[in-house]
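**Student:** Residues per chain, in single letters:
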Amino acid sequence: MKLIFEKSVKGRGMQYLPKCDVEEVALPESLRRAEAPALPEISETDLSRHYTELVKRVHGVNSGFYPLGSCTMKYNPRIDEEMAALPGFTGVHPLAPLHATEGCTEVIETAKDLLTEITGMDDMTFQPAAGAHGEFTGVLLIKQYHDARGDKKRTKIIVPDSAHGTNPATAAMCGYTVVNIPSAPNGCVDLEALKAVLGDDTAGLMLTNPNTVGIFDENILEITRLVHEAGGLCYYDGANLNAVMGVVRPGDMGFDCIHLNLHKTFATPHGGGGPGSGAVGCKEHLSEFLPKSALMTGEEGIQVKSFAGNFLVVVKALTYILTLGKEGIPMAAKNAVLNANYLMRKIQGTFEPAFDRICMHEFVLDLSTFKKETGVSALDVAKTLIDNGMHPPTMYFPLIVHEALMLEPTETESRETLDWAAEVFRSLYELAHTDPDYMHASPHNAQIARPDEVKAARNPILKYQG
Amino acid sequence: MAGFIPSTREEQLEMLKAIGLTSFLDLYKDVPADMILKDGDLNLPSGMSEMEVSALMSRIAAKNKVYATCLRGAGAYDHYIPSIVKYIPAKEEFLTAYTPYQAEMSQGILQSIFEYQTDVCNLTGMDVSNASVYDGATAAAEAAAMCRDRNRRVTLVSACAHPDTINTIRTYSYGTNDEMIVIPEKDGKTDLEALKALLNASVASVYVQQPNFNGLFEDAEAIAALTHDAGALFILGVNPIALGIMKTPRDMGADIAVGEAQPLGMPLSYGGPYLGFMATTAKHMRKLPGRIVGQTEDANGERAFVLSLQAREQHIRREKASSNICSNQALCALTAGLYLSAMGPEGLKKAATQSMSKAHYLAKKLCELPGVEMVYPGEYFHEFVTTLPKQDEALLALEKAGILGGLPVEGGVLWCATEKVSRDALDKAVQIVKEVLIS
Chain W
0 MKLIFEKSVK GRGMQYLPKC DVEEVALPES LRRAEAPALP EISETDLSRH
50 YTELVKRVHG VNSGFYPLGS CTMKYNPRID EEMAALPGFT GVHPLAPLHA
100 TEGCTEVIET AKDLLTEITG MDDMTFQPAA GAHGEFTGVL LIKQYHDARG
150 DKKRTKIIVP DSAHGTNPAT AAMCGYTVVN IPSAPNGCVD LEALKAVLGD
200 DTAGLMLTNP NTVGIFDENI LEITRLVHEA GGLCYYDGAN LNAVMGVVRP
250 GDMGFDCIHL NLHKTFATPH GGGGPGSGAV GCKEHLSEFL PKSALMTGEE
300 GIQVKSFAGN FLVVVKALTY ILTLGKEGIP MAAKNAVLNA NYLMRKIQGT
350 FEPAFDRICM HEFVLDLSTF KKETGVSALD VAKTLIDNGM HPPTMYFPLI
400 VHEALMLEPT ETESRETLDW AAEVFRSLYE LAHTDPDYMH ASPHNAQIAR
450 PDEVKAARNP ILKYQG
Chain X
0 MAGFIPSTRE EQLEMLKAIG LTSFLDLYKD VPADMILKDG DLNLPSGMSE
50 MEVSALMSRI AAKNKVYATC LRGAGAYDHY IPSIVKYIPA KEEFLTAYTP
100 YQAEMSQGIL QSIFEYQTDV CNLTGMDVSN ASVYDGATAA AEAAAMCRDR
150 NRRVTLVSAC AHPDTINTIR TYSYGTNDEM IVIPEKDGKT DLEALKALLN
200 ASVASVYVQQ PNFNGLFEDA EAIAALTHDA GALFILGVNP IALGIMKTPR
250 DMGADIAVGE AQPLGMPLSY GGPYLGFMAT TAKHMRKLPG RIVGQTEDAN
300 GERAFVLSLQ AREQHIRREK ASSNICSNQA LCALTAGLYL SAMGPEGLKK
350 AATQSMSKAH YLAKKLCELP GVEMVYPGEY FHEFVTTLPK QDEALLALEK
400 AGILGGLPVE GGVLWCATEK VSRDALDKAV QIVKEVLIS
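First to last, the protein sequences are chains W and X.
Take 0 as the starting number for the first sequence in numbering that gives the first Met the number 0 and just add one per residue.
Take 0 as the starting number for the second sequence in numbering that gives the first Met the number 0 and just add one per residue.
Next up, chain X with everything else stripped away, as it sits in the complex (with noise of 0.2 Å):
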């Protein structure tokens, strides 16, 4: 116990003696005394036996509810995640490795990588895809980093887009003292004529996510148009299970796809570690954030991947590089990796088309019950807005049936639907609100 050190006390002394010392503060001679703490200083427990703390932290993670149904996602999903995909990211080579940076010792991070992005290149129609950053918030962020240049600097983000990641796309804006302007929204989807109204020569992108914060498909190519037509570059946050069976970013006319990959097999786990995905054009290939894996050749010829265009980075390029970014989320993107090559593309389609039509089903339901209406018209995918009288006793009697319903938000409730959730639950789930509903 006590840190995992080796080392037993008479060792650490024969070690200090070696070097010609004789005691621990010897080490931290350059550490002003009165700032060394003494014993008893640290205000810490006393360390556990890995039984006690298992038992501990047991204790706690049962003081949390996990419903046997979840309708909730609004930026979080729950998706069925094949078993294979639990146990290949716990082996613990890959857990214990750091960024493939001595390629001749890392050809299995870089590979697992180097198929990551190729799966994100044929998700979404782009030529070239990063290692990953953050989460889709970040990847959003960064992308709008990307497309600025030093006349065209403002942002323009969608109302409907998820509220995280406009407070992280105006957080990175006031980081560089850039402006984030919200394209307000209309009937649920971004405003087509206040876009209009608010691109100029000034606007470096635009910011869109398909669906939408509210469920709802966006007329992605109208809006790739005004934005192109004003000189600016447009990015596309999308989901990557709808990907399944969506037309691609590239199709509908984005410069950059961004995304959320924590629906490609990582748990809800209070939100995170999930996986931001880029992805763009070859000609803004050197613009992109982030780990980039190349193959190569090596001095005998044989395939190899590396680390590459690392001119772009910071360890590199320093206050010019063009993001900070050095840890990203690796092991998530293996996950991803390993979730695609498992689901294949009939597995991604089956998931994305029965998310939807269980969507469809639960909001077809629904709306049989007095005071239960879709609150925008439009096409959706797997999510929805509806009105719901009651709404906190409906969500409650929801959540003691072990249904987590959907998420209230202005003028209602955004629900979602996924493949996990079966048939029935959808129709227990809706008798509950019924009950509530006529009582």
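Isolated chain W, as found in the complex (with noise of 0.2 Å):
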């Protein structure tokens, strides 16, 4: 299809504003700009039928199956979404005396209430915008609380060689070394490992809980016993509490601070690529050092975005949460895993899980041996995916599984949906051991056959070169 460019006609456009009813001021002359931006020049009904065009070329969790391990694409609820267009949310400036903006405070000491509950914390930020974001802040927590004590030589982070790339990524921002240990043969933490990185130079452990493989560490209570034997603090990285909110709780485990996504587990949509929200809990210790706006509170502290946030994503996962309320929110993750060992076990057979136990609320399928058998690779098999209608897994992910493919039902679909996707697998299986060629050039009915993504890399062109 046509960018909106190409479609843009000189002279064109839409009359949005009456005319200036004051004397017009222009700028002097040294700040005028040499000629007008290149806009789009577009009627209001080519500008729709553009974006209705595009909407035909998005699968979102609306149009069908989404397994995406690790990004938990449950349903999004429209009243979620009707809630955060109200315009007492819309309209409120972030500066207005606080007086008028009493429903804002409430909406996020109310999620702040219900969240610290259900993650065993004592304290939270929603300044954070995204997972990646409230890693980063909670690491500063950790840095803060050992600078404020004056212990400098904590110089050290731990990460699972199982973890996302946004936990090292995250520690190197906060000036951390990064100390990758090996996971077990189970997929879990290697004790032995641990202890032997730990000691007075660890700042803290990063780990997600069920693991990036969807196993629950069994040993957790002595992993972080062992970190805070050394004098680290521990941090969890809340994109899989899908799978325990309401059933366990990192604050329970001995973490000593969290970050969640709320457009994940608290299904605020995730939109495309955010906006998200990496709301950020802490048991009392760090509570200090949270995050605040200097504008807001005349305050100087950290700082990791204007204001508060992404408050409308807030007011998105409230909305659920007291949808949900304490009979929901457990029977959520219960049902996340329930779904993800039927979808396993009916798959099981064909591709083969990474390990064969109950999983969490997702799991890993390794195509290792399917590979060297036919050929296909986990690509292809998500590439094929993509003509049934099916959102691909995780691909490739976590790092240290082979030809990896990840999938999280998430609690929001059918058994029918379910057995659909088992049965696309197993057909899939069998169509790479007759005619592995057509799958290595899938798709064949999708928007786009497959891109070339080294000639995007090798000829840059991020632009509409007009």
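Since the hints were made in silico from the structure, they are not lab data.
It should be emphasised that the depicted structure is a prediction, and the values quoted were computed from it without experimental measurement.
All C-beta atoms, glycine included, are put in the ideal place defined by N, C-alpha and C.
Wrong hints could be hidden among the right ones.
[As the list claims (entries may be wrong)] Straight-line Cα separation of at most 30 Å, DSBU-like style, residue types lysine-lysine; simulated pairs:
#1 Lys454/W x Lys363/X
#2 Lys319/X x Lys151/W
#3 Lys9/W x Lys348/X
#4 Lys1/W x Lys282/X
#5 Lys348/X x Lys1/W
#6 Lys18/W x Lys62/X
#7 Lys282/X x Lys454/W
#8 Lys62/X x Lys111/W
#9 Lys155/W x Lys319/X
#10 Lys282/W x Lys37/X
#11 Lys111/W x Lys64/X
[Said to hold, decoys possible] Some chain W residues near chain X, calculated using beta-carbon distances under 10 Å:
#12 Pro39
#13 Cys70
#14 Met295
[What the hints assert, rightly or not] Covered stretches of chain X (chain W as the covering partner; in silico rule of three or more C-beta atoms under 8 Å from a C-beta of chain W):
#15 58 to 66
#16 334 to 347
#17 383 to 390
Make the complex out of the two chains shown on their own, each in a separate frame, by following the hints.
**Tutor:** Spelled out as structure tokens, the structure:
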């Protein structure tokens, strides 16, 4: 389809503003633009149709199954959107006087109360805008804690090799040396490897639990105890909280701070890649280090973003939590785990899970043997899924499993959908044995055929060339 | 209700049975038993019907006061948002998709980002834009991080930048154990003499905001020249509405242009979600953080869009990545692109000119009142600082009339006007302040 710029006709356009009713003032010559920006000039009809054309080329959770592991692509209730669009929320200036923003304060305080209860934390900030931003904030809590104690020798953050790439990247942004530790054969933390790197230079440990292979680390209490014993703090990456919310609490596992992905676990939509909210919770001993807005509070502590964060996302999450309540929150987790196990077992016998045991809310298929047999890769399978109307799982992650496909069905999928998905996987397994070339060339019926990513990187075209 | 779970209780039991289990607890056998919450342990309210939740949230929203007229800016601007800009981003597919990892299924999102990147380049005069960062403050902080190398680690930040931006850059600098130094102000603008004194071989970049927090235009070109003479890079934070009429950051000598794109179609929303934009020259392209969408061809030779230059990013580079950013503000970027297409070059120019004109009208009328005068000399865009006798009383009187007055700042009040405020509303505001002052 055409780009919006290719639909532009000089002189076209809409008039949304009235005539200026005061004397017009012009910029001095030295500050003036040389020429008007080359923005599209387009009728509203064409504009509307352009985006309708675009939206037909998007697969959302509302379009179909989206088992993108680690991303918790659950159904996003419409009511959350409606509440976040209330003029009483959208029309509030962040610097309006306190007495004019009591509703916003109530949203934040209520969300904080409910989420600290769910996570077992004492305090929380909603300033971080996304998961990685929450990680940054959380590790800065750890850094400030050690600094405030004058404990300057703690320069290392321990990260398991199964971690999301954001974990080591975050530790580096916080000035730490990253110590990667290998996972045990069962995908969990190798206690001996952990003990070997712990010391008086340990600032903390970043851990996802359940971990990225979908397993709850049964040694979790021992892990957090060992880190604390060495004087470090424990950071909980909340990417996988959906498996355990309302069932077991990170605070009870011994973690000192945590980030949540409200756009994952609490169903505020992902928006094609944001906005999210990376709320950060902490125990009391870290509370004083939480970020604040300098302009809103007049304080100069740490701050990771302007104002109070992605407030409307918090409105959506609060609406969701209030809807589910104390019954619905654990039921969502339990059904997320049930759906994952059900799908894993239905697929098993063709594609094999990397770890043949009960999983949490997601599981990883290991296609390395399959690839040896058929020459068909995880990528080929993913691309053929697209032709079947299914969004592919997360590919080639975690790094500790080769030819990995990571599936997270979530609790909002029905048994029929899971049965259908398993059937699709089984049929692709057969297809790989009969017609691997077809799969190498997939997708065949998608918006585009496989794109040339190497060309995109070597010869970057990053804007319309006109 | 109860979690939007389709499966009935009966189906759940059948599914458990199908995998050889009898209860949900069997699924959690790896969790130490005494850690598992029991019924009643979780202190949350009971779930509610949609109707109840809707009523409750609406009651909470009603506790906020929404002003008919907004004369407050300071980083959050109340511009007119065309109706279509509110409707299109609410389409469910845009809302519920995620990062376009699978290009064959995500051309709509990828193209919307590509168009947004083009818009940002057109506005700023730069060669390359990323797909967005969280907001203007983080865009500035990420830009400062881009500029550091082994020898040059210090960031100089104008005291006249937004306080939240200064504090965010300071925080990111604290993260990497780097120094951020504030360049003092003089007459409401960056003090060039002070800047000269601070520049040396350890300075990686200089950050200045245009127009600045006081609404004033900085002498950006002079600052660029000083910065470049010292071998540092120049980061300019700009208001995207002003770019409808203002010289581009490229023409003002910036190496990196950043800013807060909330004015491009996003409501005030108590501070978020907003949108950070970042653009730079081809030279620094591979140092940009975040997602970047590129154009390529598919196997049939057709135009296609993909996430590109991923070798910079955390999922590939891990601790060596240019940033940890993953999720960004994609839907806000789509909104900004849509807003710019709806407004077009003429509409954006009009929004900019009218905002500036109305601010100047308001300033003139306010300064006719006893004891009210401009605090700083110099050219300004749509914000300005005045003295204001009986400040609290005047602002309260405005509030009672449904007008959010300017923001109390050091030395006076920071006022803002946009195209959305009519002359009548401005006259009314001035009249209310007048009545307070002469009473």
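**Student:** Could you check the structure against the hints above and give me the numbers of any it violates, in ascending order?
**Tutor:** 1, 6 and 17
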